[in-house]
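Protein chains in written order, with our numbering: chain A, 140 to 533; chain B, 140 to 533.
Calculated from the structure, these hints are not laboratory results.
Please note that a few of the clues may not be correct.
Since the list gives no way to pick out one identical chain from another, each pair is judged satisfied if it fits inside one copy or across any two copies.
Straight-line alpha carbon distances no greater than 25 Å define the calculated SDA-like cross-link-like pairs of lysine to any residue that follow [as the list claims (entries may be wrong)]:
1. K191 <-> K531
2. K531 <-> D311
3. K241 <-> Q258
4. K191 <-> D489
5. K241 <-> L266
6. K212 <-> D330
7. K191 <-> H527
8. K241 <-> T267
9. K531 <-> E384
10. K241 <-> M263
11. K531 <-> D196
12. K241 <-> C261
13. K191 <-> I150
14. K241 <-> H368
Next come the chains, spelled out residue by residue.
Protein chains: 2
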Amino acid sequence: MEALARERFSIPNDVIYLDGNSLGALPRATPERLRALMREEWRSDLIASWNKHGWIDLPMSIAARLAPIVNAKPAELLIADSTSVSLFKLLAAAARARSGRKTILTQRRNFPTDLYVAQGLCDMLGLTLRAVDADAVRDSIDDDVAVVSLTHVDYRSAAVHEMAAINRASRDAGALTCWDLSHSAGAIEVDLAGTECDLAVGCGYKYLNGGPGAPAFIFVAERLLETMHPPLQGWMGHAQPFAFEDGYQPAPGIARFLTGTPSILAIAALDCGLATFDGIAMADVAARSRGLSQAFIDAVEARCGDAVSLASPGDPAARGSHVCFAHPHGYAVMQALIARKVIGDFRAPDLMRFGFAPLYNDEGDVLRAAEILGEILDSRAWDDPRFHARAKVT
Amino acid sequence: MEALARERFSIPNDVIYLDGNSLGALPRATPERLRALMREEWRSDLIASWNKHGWIDLPMSIAARLAPIVNAKPAELLIADSTSVSLFKLLAAAARARSGRKTILTQRRNFPTDLYVAQGLCDMLGLTLRAVDADAVRDSIDDDVAVVSLTHVDYRSAAVHEMAAINRASRDAGALTCWDLSHSAGAIEVDLAGTECDLAVGCGYKYLNGGPGAPAFIFVAERLLETMHPPLQGWMGHAQPFAFEDGYQPAPGIARFLTGTPSILAIAALDCGLATFDGIAMADVAARSRGLSQAFIDAVEARCGDAVSLASPGDPAARGSHVCFAHPHGYAVMQALIARKVIGDFRAPDLMRFGFAPLYNDEGDVLRAAEILGEILDSRAWDDPRFHARAKVT
Chain A
140 MEALARERFS IPNDVIYLDG NSLGALPRAT PERLRALMRE EWRSDLIASW
190 NKHGWIDLPM SIAARLAPIV NAKPAELLIA DSTSVSLFKL LAAAARARSG
240 RKTILTQRRN FPTDLYVAQG LCDMLGLTLR AVDADAVRDS IDDDVAVVSL
290 THVDYRSAAV HEMAAINRAS RDAGALTCWD LSHSAGAIEV DLAGTECDLA
340 VGCGYKYLNG GPGAPAFIFV AERLLETMHP PLQGWMGHAQ PFAFEDGYQP
390 APGIARFLTG TPSILAIAAL DCGLATFDGI AMADVAARSR GLSQAFIDAV
440 EARCGDAVSL ASPGDPAARG SHVCFAHPHG YAVMQALIAR KVIGDFRAPD
490 LMRFGFAPLY NDEGDVLRAA EILGEILDSR AWDDPRFHAR AKVT
Chain B
140 MEALARERFS IPNDVIYLDG NSLGALPRAT PERLRALMRE EWRSDLIASW
190 NKHGWIDLPM SIAARLAPIV NAKPAELLIA DSTSVSLFKL LAAAARARSG
240 RKTILTQRRN FPTDLYVAQG LCDMLGLTLR AVDADAVRDS IDDDVAVVSL
290 THVDYRSAAV HEMAAINRAS RDAGALTCWD LSHSAGAIEV DLAGTECDLA
340 VGCGYKYLNG GPGAPAFIFV AERLLETMHP PLQGWMGHAQ PFAFEDGYQP
390 APGIARFLTG TPSILAIAAL DCGLATFDGI AMADVAARSR GLSQAFIDAV
440 EARCGDAVSL ASPGDPAARG SHVCFAHPHG YAVMQALIAR KVIGDFRAPD
490 LMRFGFAPLY NDEGDVLRAA EILGEILDSR AWDDPRFHAR AKVT
């Protein structure tokens, strides 16, 4: 299994990078795009660049590249803010659209920022955040639920929610559903149109390769657009920002979800990240993702036996594009792997996490990573105190 | 009057740029900084860069450069999100801290996004947004006001509010005050400590030269920090983001005002913008600002007479770092100026706006601009239909 587009990335040759689910690798095109943006647009045309170089439309126009990745219409997609801020906007708009209802439903151990954002909104509005086990979500959607807030792929186990079924149950109960696609967009098939999604957000800096802290994206189904009113309203979401009117009038369509002026440098970098998917079918990406993660599981189980235990679904169809193995000394083992240039990450209490980016990872990466993991476990590298030092970011 | 640091910027030689109040010019150091960030950090060290290159601390650490510009402590400052989102966070936190009170007080014709943000928050919380004339603000602060939301320098007239007096009146009434410093930080003296400010936000892409859509900054006075709880709570503002706890615990200090993961590319560019102020006293910046705007007013009035009328305070001490002149054909006259490479902008209905960035504008710029304005007015250039075309961004 070759990588689908390794040549589109600049990655050190001696590194096996299995953390594209945390920070996507550098696309080859990004440095030149930002150089040109700075030298030939910002420097040369200064304020006129907003018109001349289409900066003002970038949050909407680059959505055309994102649309096939999540199977949505460009007019349903917007690039803006962080995932957390974007989620706040959508949950708040959903709560307003279902204003008689007093509950936001989520799952226990959802990605923490999703829980924090929902909790903050509930505190503000006097709503209740109800968190249930993942497999109990569908049966917990009652007529007090305004919005169901879920992450499509679990950031630890990589377990995948059944999007279509939950969307249907939610709609039947009169609720809206908002998906966080941070660990799925760009790695597995996401079918926002086919599963009749209402709302979604996603991360730009993981599988979409937009660079550290890249802006997020927002999806609002076309059928809902004119009824959704984000309370985080700012001039960039105004129908006529440059009329400088005292009263707020939401822009028609998805642009109303803009708030302030977005970073053009950051959006241009994300555009280069999205361009790494140009011409590649998401079905091929998804098939490669399943192939890589399965090859890794098979190789680790063959090489390491019972020394580690799989903490992700065994069925590739129920799994996102990363895999967790548990080990009692998981933190130190991961540090030992990183010292050998196999880059994954660690999630408490004992999970070693390995992500597979189908655009730049290949079978050689996963087989070599499994072998090095085996060598580290054989040598009991976790006894080495230099692998115990804790960094701020893990 | 020489510019204070023209050599720190890359600006086309044939342009007289008087719109640094909308988009600051490109610092010479920015392209190389971003190139190195992409090639030597993101590419080479990938996810490890968050620790190894201090990315995780950037939103706080670059505040040390901002601190002398607004006379605050670094621990009171944070770089994050857009100005609009930042303002929402502060107003919401202020409303929560004064939860018995039901009014947000602002001024009529405040910068529109400030009005939109406050209105959106009021709609959410059932508060009232009360807008009064600028000179009536101080006497309108009663015991129902939770927070006073004002822009320090008016984006049209450049009229400056008396910060210390309003802070005092507000505190006497038990309210908080939140200043938008977008049109003042980096151009005139801002003394957050000396005027005993509570809260402030400011724009990174105007006089701070952070690039198009640069992140904003937040100021929260140290004495208030532990009592302020932004409801827009996300993992980056958590006490231990990488513990991935289900429950939100705000970080100690200003970091709790972080929400999602910020764009490292955008913050690094802003750091280069702030670095253009290194070693320059803000008193010198402010003196140069007053000198340049006064020289421009004097030259325009001498050259153009009654053809235009000053729409900014005549007293330099009551004025920010830009100047507006009104003309019935202001839009077309500004387009004619731009065609002659004198770059200002236009604000409806009839204001031609000229900004003076003391770091890169000099007396030659303002005298030459006044002369070209005179020539354009003499020639009745507004009759030329090519100057009537309206662009999306003005």
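Task: Hints the structure fails to honour - done: 2
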